[in-house]
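K.L.:
Here the structure of chain P is known, so what remains is to put chain S in place on it, guided by the hints.
Residue numbers (the numbering used here), protein chains in the order written: chain P, 817 to 1285; chain S, 1146 to 1638.
Keep in mind the hints are simulated off the structure, nothing from the lab. Mixed in with the good hints there might be a few duds.
What the hints assert, rightly or not - Simulated crosslink set (DSSO-like; lysine-lysine; CA at most 30 Å straight-line):
no.	chain 1	residue 1	chain 2	residue 2
1	P	1160	S	1302
2	S	1252	P	1247
3	S	1596	S	1252
4	S	1302	P	1231
5	P	1231	S	1255
6	P	1171	S	1309
7	S	1255	P	1171
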Amino acid sequence: MLSNIFILLRQELILSLLIFLLLFIKIGKERSNETVLNIINILLFVNLPAGLFGMSEGGAFNGMFTTNAFIVLEKNILNLAILLISMQSYAWLKHHKQVAEFYLLIFTSLLGMFFMISSDNLLMFYLGLEMSTIPLAAAANFDLAKRKSSEAAMKLILSSAFSSGILLMGISFLYGTSGTLSFDVLTAHIGNDPMQLFAFILLVSGFAFKISAVPFHLWTADVYEGSPVAVTAFLSVVSKAAVLFTFTSILYKVYTPIASVWYGVLVVLSVATILIGNLFAIRQDNFKRFLAFSSIAQVGFILIGISGSSQAGSASLVYFVLIYVFSNLAAFGVVTVVSALTGKENISDFKGFYKTNPFLSWVLAIALFSLAGVPPTAGFFGKLFLMMAGAAKENYGLITFAALNMVISFFYYLKVVKAIFMEENEQPIQKLSVPGVTKLAMYICVAGIIITGLASLVYDYIYSLSIGL
Amino acid sequence: MNLSLLILLPLLTALLILLSKNLAQIRFIGLAGSLAQLGAAGWLLKLFMDQRAAGNTATYLFETNTVWFKALNINYHIGIDGIALAMILLSALVVVAGILVSWTMEKLSKEYFFLLVLLSMGAYGFFISLDLFTLFFFLEVAVIPKFLLIGIWGSGKKENSAMKLALMLMAGSALVFVGLMGIYYNTHSFDMVQIGQMGISLGIQKFFFPFLFLGFGIFAALFPFHTWVPDGHASAPTAASMFLAGISMKLGGYGCLRMAALMPDAAHSYSWIIILLATIAIIYGAFATMMQTDLKYINAYSSISHCGFVILGIGMLNKTSINGAVIQMVSHGLMTALFFAAIGMIYSRTHTRMVAQLGGLLKVMPFISSVFVIAGLCSLGLPGFSGFVAEMTVFMGAWQNPDGFYRIATIISAASIVVTAVYILRATGKTIMGPISDEHALLGDATWNEKFAAGLLIVGILIIGLAPFLINQLIMPATDFLMINIDKAITLK
Chain P
817 MLSNIFILLR
827 QELILSLLIF
837 LLLFIKIGKE
847 RSNETVLNII
857 NILLFVNLPA
867 GLFGMSEGGA
877 FNGMFTTNAF
887 IVLEKNILNL
897 AILLISMQSY
907 AWLKHHKQVA
917 EFYLLIFTSL
927 LGMFFMISSD
937 NLLMFYLGLE
947 MSTIPLAAAA
957 NFDLAKRKSS
967 EAAMKLILSS
977 AFSSGILLMG
987 ISFLYGTSGT
997 LSFDVLTAHI
1007 GNDPMQLFAF
1017 ILLVSGFAFK
1027 ISAVPFHLWT
1037 ADVYEGSPVA
1047 VTAFLSVVSK
1057 AAVLFTFTSI
1067 LYKVYTPIAS
1077 VWYGVLVVLS
1087 VATILIGNLF
1097 AIRQDNFKRF
1107 LAFSSIAQVG
1117 FILIGISGSS
1127 QAGSASLVYF
1137 VLIYVFSNLA
1147 AFGVVTVVSA
1157 LTGKENISDF
1167 KGFYKTNPFL
1177 SWVLAIALFS
1187 LAGVPPTAGF
1197 FGKLFLMMAG
1207 AAKENYGLIT
1217 FAALNMVISF
1227 FYYLKVVKAI
1237 FMEENEQPIQ
1247 KLSVPGVTKL
1257 AMYICVAGII
1267 ITGLASLVYD
1277 YIYSLSIGL
Chain S
1146 MNLSLLILLP
1156 LLTALLILLS
1166 KNLAQIRFIG
1176 LAGSLAQLGA
1186 AGWLLKLFMD
1196 QRAAGNTATY
1206 LFETNTVWFK
1216 ALNINYHIGI
1226 DGIALAMILL
1236 SALVVVAGIL
1246 VSWTMEKLSK
1256 EYFFLLVLLS
1266 MGAYGFFISL
1276 DLFTLFFFLE
1286 VAVIPKFLLI
1296 GIWGSGKKEN
1306 SAMKLALMLM
1316 AGSALVFVGL
1326 MGIYYNTHSF
1336 DMVQIGQMGI
1346 SLGIQKFFFP
1356 FLFLGFGIFA
1366 ALFPFHTWVP
1376 DGHASAPTAA
1386 SMFLAGISMK
1396 LGGYGCLRMA
1406 ALMPDAAHSY
1416 SWIIILLATI
1426 AIIYGAFATM
1436 MQTDLKYINA
1446 YSSISHCGFV
1456 ILGIGMLNKT
1466 SINGAVIQMV
1476 SHGLMTALFF
1486 AAIGMIYSRT
1496 HTRMVAQLGG
1506 LLKVMPFISS
1516 VFVIAGLCSL
1526 GLPGFSGFVA
1536 EMTVFMGAWQ
1546 NPDGFYRIAT
1556 IISAASIVVT
1566 AVYILRATGK
1576 TIMGPISDEH
1586 ALLGDATWNE
1596 KFAAGLLIVG
1606 ILIIGLAPFL
1616 INQLIMPATD
1626 FLMINIDKAI
1636 TLK
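Excised from the complex, chain P in its bound form (with noise of 0.2 Å):
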């Protein structure tokens, strides 16, 4: 019994020992930066195939705690984020003071959203994710020097606290009226009582609020823009992906009753995130503040998939999640690196980009392509998946809109093409060197916008994990 729940919770386990390890590191004698890095790159690499193998169903902590082979999934594509961004820091992190700090905050982070992922209850899942956003705004004042970080941590932990109050509240109208916490037994309870409603819009609002829809995006941008780009890059990818994940297995698996109620709410929700996100966008100078309103209309079409509420709906979610992670990380790769070596962080400066670093401008269009999802990038795939599978509900209203948004996004993605391929600069940014590990990430991302795409066994692999309603 007790080994088995060493196998059920390995993932968990191996990321409390890296959190530990980090700790003797740090008390430990003295290391340079390289070798810490280079240490906890090599341990996040062999973290990988853990998920792969070994008994992944079943439940501990007295049903608390639930795990499957789609849930172990989900993790290991969190865990190969955390990778690609641990990898494309380098540049970042080699000259930065409190490395293993910065490891510790992220690290606690994922684990929270691990046990939120795995959660079969309610209060699991609220733990878990306090676990992950408490840490999460520590980690966004780590330009130590910089007051718009402070600024952003600030921000981040105030409206945190305020929509994890909502949801809090949710939850306890739920109990309430139900009189239990669990996620199997709740299904049984739920109905058009209008106090149950008003816990679910309460429960929505706490989750819109963490994956940034409209109209709870307020706190976004500024967020983005003020953190580290590493920081950046990890809330608009992992955060959000571990919240969806575990939005969507709430709804699909506790939800099922009113189905036709959240179908409403999602709808309104995608079409206003879909469009301001879009709009937003188009204005951006700041590169964060562009790949944050982005994302807001990124998660708007995400939005549309689950409203599918099929096999399909949850799949193309977790695929689209996946070549997400590879495309964005990219783009924020190659921003990461830039800001980090020439402080640069305007689309503006990214005129003439294309003549001083050929490699990092290809790895950024290609990223963007692939967000924009045109052929025959993953990207395409990832996005055809999601509205397929909103499709299903035969609202085309809802599709077409979303596909002529499609159109608004294209365009501002291409203005950075635009700036990069075709436009001139005084000051151009000088040839950057780029570190080898952060080089190897980028081509683990473009190998993965390519090959996650048109390799149909990635789907297939996640469509036969996944569960409908």
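P.N.:
Quick look at chain S alone, frame taken from chain P:
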């Protein structure tokens, strides 16, 4: 022959170009790759005709069907009929000519040839697809290369033109996508052959046909969504203009044709709108051309007018007119590519494309001028060239429609030929005849690569023009098959 070869060849060429070290290698690989494509297309033609001669009456030959995304019932289903094969031959010819014309391109030449080859891959993939999803995939593959080609190597307000083109084409694809979703969720299949056999219910057809037809129509410069054409073509570098007008616009026409065959009832009931838009495009394009002073704009606007004939032929929905539409696609592809090549050659020597600043070029560049004249005469539909055969067939088909509205549309469209003659003869006369300005007096004639490129395209034009039965023989069985469904729909009315 495995049709995937048509995708693999360009892909391989593109990869080799990426690996090559200097300009000479890039040129060599590009040319060798495109010649290999032409060879493969020619070989395919031979095999195709052999099979047909041997009595193989299957609609699609060389069919292969591989599962791609199993869970979503998406298959990599490829195969060709005569129409697709005609398009493939056209693309192969234009690709070779395009590569040859870009021989002197030195700015970022590796990227340039890479993108050109990628563009051709999209076209081949599109024409061999029998699955709507792969069709859509390849339709969009070609958008980004176009954007980059125009934006980086173009001239004039190239960034704006590139953006306009990319956004309008993406909007077209978005409409196509919605239509595809509609079909998919009502037939649970993307397979064109399967869907054709099953049929789609009338209500669904009527609702989704406009999405698909307009979507593809944007690619084919359907009025009023033609506005990307003039700017895009005018700003693009020569080879990209040739590809755009010669191949890319044909993606739209081909798509419209397939959709009309897939949803014949809707096509029939909307045919008056299609005819109306096509007639407007023909007339509007012709008159707009008259006002142009830039050679590239002249050809771009005349392309709108000529592509209108394709749509007109499809909209008339009878065998002759659809045959004419297909021949017009091929003919216009060759002719307009030739025209753009000639304009490019003139521009690279005189550094101007304004008609007013040119004159007497026949004296210094007889070859280029002759090419220019041939392209012009083909464009105005002189017998002996492909343009005559194509337009004549469309008109003959169109006249078979006894309804008054269709008759009037046909008459108006036919009248546009006069306008065409005016602008073509005027442009040709001003650039080629008359006195030559001093600064142009010492310019040289075409080089070997330009002669080769023009020669190839002219041969294509003449084959269709002098022996139209050859292309008819190729496409007739395919149109016969398309007509089975369409006739059924029309007689039901």
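K.L.:
All the hints need checking, so say for each whether the structure fits it.
P.N.:
A quick look at each hint next to the structure:
1. P:1160 to S:1302: 28 Å, holds
2. S:1252 to P:1247: 20 Å, holds
3. S:1596 to S:1252: Since the Cα atoms of residue 1596 of chain S and residue 1252 of chain S sit roughly 23 Å apart, the hinted pair holds (cutoff 30 Å).
4. S:1302 to P:1231: With Cα atoms ~15 Å apart, residue 1302 of chain S and residue 1231 of chain P stay inside 30 Å; holds.
5. P:1231 to S:1255: 23 Å, holds
6. P:1171 to S:1309: At roughly 24 Å apart (the allowed maximum being 30 Å), residue 1309 of chain S and residue 1171 of chain P satisfy the hint.
7. S:1255 to P:1171: Distance of about 14 Å is within 30 Å: holds.
When the structure is compared with the earlier hints, no violation turns up for any of them.
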